[in-house]
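Undergrad: These are the residues of each chain, in order.
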Amino acid sequence: MRVVYLTGDRVHIRPPVESDKECAIAWFNSLVPANEIRAAQSMENQVYPYWEATEFTFIIARVVDDAVIGSVHLSIGDWRVVSVRFHMAPMLPDADELRAEALRLLIPWLRDEHEFMAVRLALPDNQTVTIAAAEELEMVLSVRLREFVPVPGGRADELIYEALNPRWEVPHA
Amino acid sequence: MRNPILVGERVYIRPLEESDAQLLADIYAAETDTFNERGRLPVGPLAWKKWIVETHKEAYPSEINFAVCLIENDQLIGHNGIVDINWINRTAESVSDFGPAELRSKGYGTDAKHLLLEYCFDILHLHALRSEIFEPNTRSAAAVTKQGYKLAGRWHYEDIKNGVMRDTLIFDILRPDWIAARDAWRARERK
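So the sequences go chain by chain: C and H. Take any residue in the first sequence, count from 1 to its spot, add 215: that is its number in the working numbering. Take any residue in the second sequence, count from 1 to its spot, add 123: that is its number in the working numbering.
Calculated directly from the structure, the hints in this document are not laboratory data. This structure is a prediction, so every number in the text was calculated from the model and none was measured. Heads up, a few of these hints could be off.
Said to hold, decoys possible - Simulated coverage check for chain H against chain C, where a stretch passes if three residues somewhere in it have a Cβ under 8 Å from a Cβ of chain C:
| # | segment |
| --- | --- |
| 1 | 140-149 |
| 2 | 206-215 |
| 3 | 279-285 |
| 4 | 292-298 |
Every residue, glycine too, gets a C-beta built ideally from N, C-alpha and C.
Working from the sequences, and respecting the hints, build out all of it.
TA: Rendered as structure tokens:
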């Protein structure tokens, strides 16, 4: 399955399919390992009529072989602001580069097509390639939470980047 | 004092009980400020009771809330707590809500916040907390700054106030920030 408007050179983003439960470690965002049963339950819980859904998990797959390499979770408040969180498969040598490409697909879709006023991305400050992609996409660093994320050997700051939609004319106090 | 967890200068914190539901509803019903959120919302005793029951079911809950009471007469004057607890990352968001209006700006909120932060940093051993404050709520922004929080940034376009989009200010606090603020506050209080 390919979504034409969410397909790039190396990665594509698509809705989950039933067989994704077999590779849950790659996309299920949990430090506690998810087996097939837990992954299937998670997918089941997300099957709403789409007009009622406010939480979406999409699969990130590699273009060359359709291998599942991660996921992106969208959390939508009232269709003005959307929060984005990535999870990449463990042991990917190029996770940061692949996540950056997925971000380049997502931001135009959410900011320009869906016209969200703000698209928020939270990530630790050691994901330097994704951060560079965010800045290329003219996302702004809105929040830095000190020592908020554990990383191997210590803690990292959590950064919140926002893609602010220039189409919105916001009288701002 | 009734079932205290931590005791401060003038207030103490204790677990919320079902019998607090009506008192919390009464405090909300008497709210005078309109700047905390988009607007005031009455919350009835049934909703408070359900919240109190639900948030005490889990051994490792996603939120922990306390009743804040005056030492002198056990009067319930509000609640504070932490929500969005991440037990793995050891982070959470702190929240507070106080009333009646005539008891505000007397230092009770700061006294209670230092008890909450002691619970978070020295009992739960959380590493960092954040606080989210709607920009028009300048009183709370000033309060958390005094309590040791540092401005970490802002979320844009959070909600509407007076016809314009307003941001939410994001603050964070680490244990050394809290210790410094608490010691300075204690020194001022004891003068």
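Undergrad: Does each hint fit the structure? Answer for all of them.
TA: Here is how each hint holds up against the structure:
1. Only residues whose beta carbon comes within less than 8 Å of a beta carbon in chain C count, and the segment 140-149 of chain H has 0; fewer than three means the coverage is violated.
2. Proximity of the segment 206-215 of chain H to chain C, defined as three or more residues with a beta carbon under 8 Å from a beta carbon of that chain, is established by the 4 residues found.
3. Residue count for the segment 279-285 of chain H with a Cβ under 8 Å from a Cβ of chain C: 5. That meets the three needed, and the coverage hint holds.
4. Against chain C, the segment 292-298 of chain H contributes 3 residues with a C-beta closer than 8 Å to a partner C-beta. That satisfies the three-residue criterion, and the hint holds.
In this structure, only the earlier hint numbered 1 is contradicted, and the remaining ones agree with it.
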